[in-house]
Each structure stands twice: as C-alpha cells, then as structure tokens.
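Position in the sequence shown (first residue = 1) + 304 = this note's numbering.
One or more hints might be untrue.
The calculated DMTMM-like cross-link candidates involving lysine to aspartate or glutamate, where the alpha carbons are at most 20 Å apart (straight line), are [as the list claims (entries may be wrong)]:
id, residue 1, residue 2
1, K746, E649
2, K771, D569
3, K746, D724
4, K560, E606
5, K792, D687
6, K628, E606
7, K792, D678
8, K559, D569
9, K673, D569
10, K427, D504
11, K525, E497
12, K461, D488
13, K771, D678
14, K699, E612
DEER-style ranges, computed between Cβ atoms [claimed, not checked]:
id, residue 1, residue 2, range
15, D587, T761, 37 to 45 Å
16, D447, A759, 32 to 40 Å
17, T472, H534, 43 to 51 Å
18, K449, D389, 42 to 50 Å
19, H723, E412, 41 to 49 Å
20, V532, H690, 29 to 37 Å
21, S470, F644, 48 to 56 Å
22, P521, H690, 35 to 43 Å
FYI, nobody ran anything at the bench for these hints, they're computed from the structure. Backbone N, C-alpha and C fix where the C-beta goes; we use that ideal spot for every residue, glycine too.
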Amino acid sequence: NLLASPEKIPPHVVDVWKFTLPIADPFVDATFTGNTYFRPAAPQVDDDFRNAAQHQLEGTSAEVSERIILLSTLLGRRAEPPRLDILEVSLTARSPIVRRLAVQWVAEERLTQFRPQVEAVLKSDDMTSDLFLATLAALEMLDGKAPQDFDKTPPGKYVLPLLADSTTSAAVKRQALRLIDPADPALTAELLEPMLRSDDQQLRLEVLRTLAGSTLPEAAKWLSEAAVQHDKDRAIERMTAITGLASHANSDLAKKTLVSLIAIDLRERGSVIRSLRELVGKDEDVKRKIFDINGIGSGPPELWIEIEAQIALLPGGTELNGKKTGFPVPARPASDEAWFNVINEDGVTPSSFAGEQVFFHSNGPGCFKCHTIDGRGGRIGPDLTHIGGSFTRDKLVESILQPSKEVSPQFTTWNMATHDGRTLTGMLVHENLGETTLGNDKGELTTIQTVDIEARTPVKTSVMPEKLEDRMTVREFQDLIEFLANLK
Numbered sequence: 305n306l307l308a309s310p311e312k313i314p315p316h317v318v319d320v321w322k323f324t325l326p327i328a329d330p331f332v333d334a335t336f337t338g339n340t341y342f343r344p345a346a347p348q349v350d351d352d353f354r355n356a357a358q359h360q361l362e363g364t365s366a367e368v369s370e371r372i373i374l375l376s377t378l379l380g381r382r383a384e385p386p387r388l389d390i391l392e393v394s395l396t397a398r399s400p401i402v403r404r405l406a407v408q409w410v411a412e413e414r415l416t417q418f419r420p421q422v423e424a425v426l427k428s429d430d431m432t433s434d435l436f437l438a439t440l441a442a443l444e445m446l447d448g449k450a451p452q453d454f455d456k457t458p459p460g461k462y463v464l465p466l467l468a469d470s471t472t473s474a475a476v477k478r479q480a481l482r483l484i485d486p487a488d489p490a491l492t493a494e495l496l497e498p499m500l501r502s503d504d505q506q507l508r509l510e511v512l513r514t515l516a517g518s519t520l521p522e523a524a525k526w527l528s529e530a531a532v533q534h535d536k537d538r539a540i541e542r543m544t545a546i547t548g549l550a551s552h553a554n555s556d557l558a559k560k561t562l563v564s565l566i567a568i569d570l571r572e573r574g575s576v577i578r579s580l581r582e583l584v585g586k587d588e589d590v591k592r593k594i595f596d597i598n599g600i601g602s603g604p605p606e607l608w609i610e611i612e613a614q615i616a617l618l619p620g621g622t623e624l625n626g627k628k629t630g631f632p633v634p635a636r637p638a639s640d641e642a643w644f645n646v647i648n649e650d651g652v653t654p655s656s657f658a659g660e661q662v663f664f665h666s667n668g669p670g671c672f673k674c675h676t677i678d679g680r681g682g683r684i685g686p687d688l689t690h691i692g693g694s695f696t697r698d699k700l701v702e703s704i705l706q707p708s709k710e711v712s713p714q715f716t717t718w719n720m721a722t723h724d725g726r727t728l729t730g731m732l733v734h735e736n737l738g739e740t741t742l743g744n745d746k747g748e749l750t751t752i753q754t755v756d757i758e759a760r761t762p763v764k765t766s767v768m769p770e771k772l773e774d775r776m777t778v779r780e781f782q783d784l785i786e787f788l789a790n791l792k
C-alpha cells in the first residue's frame, strides 16, 4: 500500500526507511510501517528510495518472500481486531520463522481454538530447534501452565508420541531425540532401531548421539557397528560412534572395537585414543596396546602431533607401568595469554564438527554435562545454542580459562547448609513445590526439601570447573572454540 501511494510517505520517513530496509528485520518493518502508514501526505518521494523499496519488498527470492509474510503476520496481530485469518495461514507457512511467530501469537493470546493447528506444527517439515521448543512451550501455555512451570513437564508428554508415529517427519524426530534424556526407559530398542536404519543421515546421527548416553544393552553393539563401517559417505557417523563408545568403554565389545580401530586409520587414531582415555586409567593393558600399535602408519606431521598429544593426556601420560617410554610430549601453552594466541595461530584450520565431538565427549571438558545446545545436554549452566552470536572468540576463550571472572546472577553458586549438618554446593537449578535442586560441576543434580535448608550463602566462584583446558589437546581447544563461535 505504501508503494502504491508513495506521495503519502513524509520525507523524514524516507530517510529513516533507507536505513531500515537493509536490516531485513520483520519487527523493524512492522514497527516502522505501523507508525508511518497514516502519516500526513508528502509532496514527493525520492525515486531511488522507491526503486530500492520495490526491489526489496517485491522480490521473488525466498528471503524477501519470507520477510513479507513475517511483516504480514506481525501487522495482522497488531490490527484491531487481530487478523486471525492471517494467523491461520501463517501457522501452515513454509518458513519455520513464520510458523514460530504464529505459534507464539497463539500461545500469548491463549487462542485455544488454534490448538489443533499448533499440534500439527510439531509434525511439519523444515523443523528447527527454535520452532520445536516454541511449539512445545505453546502447548504448555494452552494447557494453562505458567511459563515458570514448564520444567515440571517431562519432554516425553509431547515428544515420545512423535517418535513412535511412523508419519512424523525425520526433521521432527531429530529435534525430539535431542530433548529426551538418553537414559529415559521409554527410549526402547524397538523405538530407536528403525530411526537408526533411516535413510536420513541427520536422524541416524541423533540416534547415535542418544546411544552414547543410553543404558540399553544394544547401545554398545549399534555404536560398534557404526564405528567399524568404512563407507566414505558415513564418515561423520563413524566419528560420532567413536565418540559415543567412550561412554561404554567398560563393556567388552566397546573396548574390543576401540582397540581394533587404533591401527586402521591414522586420521582417526587420535579420536580413538581419546575415547579410550578413561579406560586406560583402569586397564594398563589397553595402554600397552596403544603404545604397541602407535608406530604403525604414515601421515602428515599434524596428525602425529595430535596423536602424541592424546597419548600425553592418558592417565600416567607417556609412562607405562611407571616407566618412561620415550614417547615425545608436545609442548602446551604455559599461560592464559598463550592459550589466547593458539586461537589465532597461523596455518591452523579448526573444525567445527570436531569441536562438537569435544563438546559432547565424555572424556574431555564435559561441556554437555551442564550445557544444552539445541535441546541436547545438561540444564545446569547457560543454554549455549546461540552463544556465538553474543560472545566473541576471545570471550569464549576467557570463559573457559577464567570461569569465575564473570558470573551472571542467575548462575550464582550456592552453599546450602541443612539442619542435619550437611553442606551442599552447586547452582540453583529448580526451586518449586517445596523442593530445591542444585547442580554441581559434574552435571549431577541433588534435590532436597526446601524446609531442610538452614542457611544459604552465595559463593564467588563459578560452578564451572577451573582448568578445563588441561583436559584438552591444543587442537581440541581450537576446534571447541570454532564450534562454539559458529553457534548463532
């Protein structure tokens, strides 16, 4: 309408919109349009501006089309009365961002008549983590639950039926798997196996990640099968399975599989040794096998440097039975400044995928025990799904090297003294229904009756452990920062 009657746009509005059009933010669009649509007429409009506006708003690209639909949805909600016909269309839009906005509209206005359409969104294609979580929250709100009580509802209430339904899309099942505790008894072998055999690689990957924390007897078997297949198209699945086997390394099958992989591919040897790290502390014979096989193979120097760095992080380092073996020990940064420098080291190309393996690996910094990314992980510390959008790389490095330098109030660590003489330390995770739940630096939760707390004292240090860098090789540290920096 504005473009059809450009004479209605005041000159000062033209000047402002020249800046707002390139922003491509629907909230800016809606605010600007809503505030200027009925302004007094203007004698003329800059032709260059009008042409630019038409190019932006009448384009045929998916990005521009999405922007128009978003603008329509926002303005439809602000209309008097609200345009529910626009809402109905937006709930079935192709764009996940539009559906996310429509779901929020339904929830915040408690438009219960649209509940069937919101439920249908959970089965829609082009599912994203943000849309999935927003839809679950919307259903909670439509059921009358207050936002602060969402954590009381187990994810399985809405998610498990989606996994069991053969008509649910792979995209939705991927998001559903990320939300459920891998050890949930409802995640049976009968439920997981069809998804593990799916044609959708991303769904297979999510099943493998779930199996890492699963208590199913089949978990080690399925992870081992994925770890030993050498189809080039499934290299990512193989690496994910090797990471997952670390959590099952005490099983004979997982141990046998990992040891057998040491000699097969030099490019994966460092990852295999990392997955054996905890087991080596309990079984010296495994360490001997690593040392016996380690000289086999040839490859570029950087591969050998990483393998040697992984060996140096094994319990006992390069010693075997208390005796030095002569294996080289790579130099490591000796100060915080040196760790900052390795992030900007010339000639290094960090891997975001490898960094994801570090994040979710049980033998390493253990980030996943306390932090969530796209629904998967612990819920003690901050959700890191979009951390790369708010933290620079230097800030990410600082948060690992100096976790207590800046602690947000909501993540304060507390000492809780109970009436029976116990002292518990951790971050406050939940406090409702007469219970208080604390999370410690291992990702473990402890729940006590609130009335049993005699005193609570804030602690200046973060629940996040110190010296996490000591649990990583230099390359792992670089990869982890790369992964986190790309979470936007």
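Structure-based check of all given hints:
no., hint, result
1, K746 x E649, "31 Å, violated"
2, K771 x D569, "31 Å, violated"
3, K746 x D724, "24 Å, violated"
4, K560 x E606, "27 Å, violated"
5, K792 x D687, "12 Å, holds"
6, K628 x E606, "24 Å, violated"
7, K792 x D678, "11 Å, holds"
8, K559 x D569, "17 Å, holds"
9, K673 x D569, "30 Å, violated"
10, K427 x D504, "16 Å, holds"
11, K525 x E497, "12 Å, holds"
12, K461 x D488, "12 Å, holds"
13, K771 x D678, "26 Å, violated"
14, K699 x E612, "29 Å, violated"
15, D587 x T761: 37 to 45 Å, "42 Å, holds"
16, D447 x A759: 32 to 40 Å, "38 Å, holds"
17, T472 x H534: 43 to 51 Å, "31 Å, violated"
18, K449 x D389: 42 to 50 Å, "28 Å, violated"
19, H723 x E412: 41 to 49 Å, "42 Å, holds"
20, V532 x H690: 29 to 37 Å, "36 Å, holds"
21, S470 x F644: 48 to 56 Å, "51 Å, holds"
22, P521 x H690: 35 to 43 Å, "37 Å, holds"
The structure does not agree with the numbered hints 1, 2, 3, 4, 6, 9, 13, 14, 17 and 18 stated previously, though it agrees with the rest.
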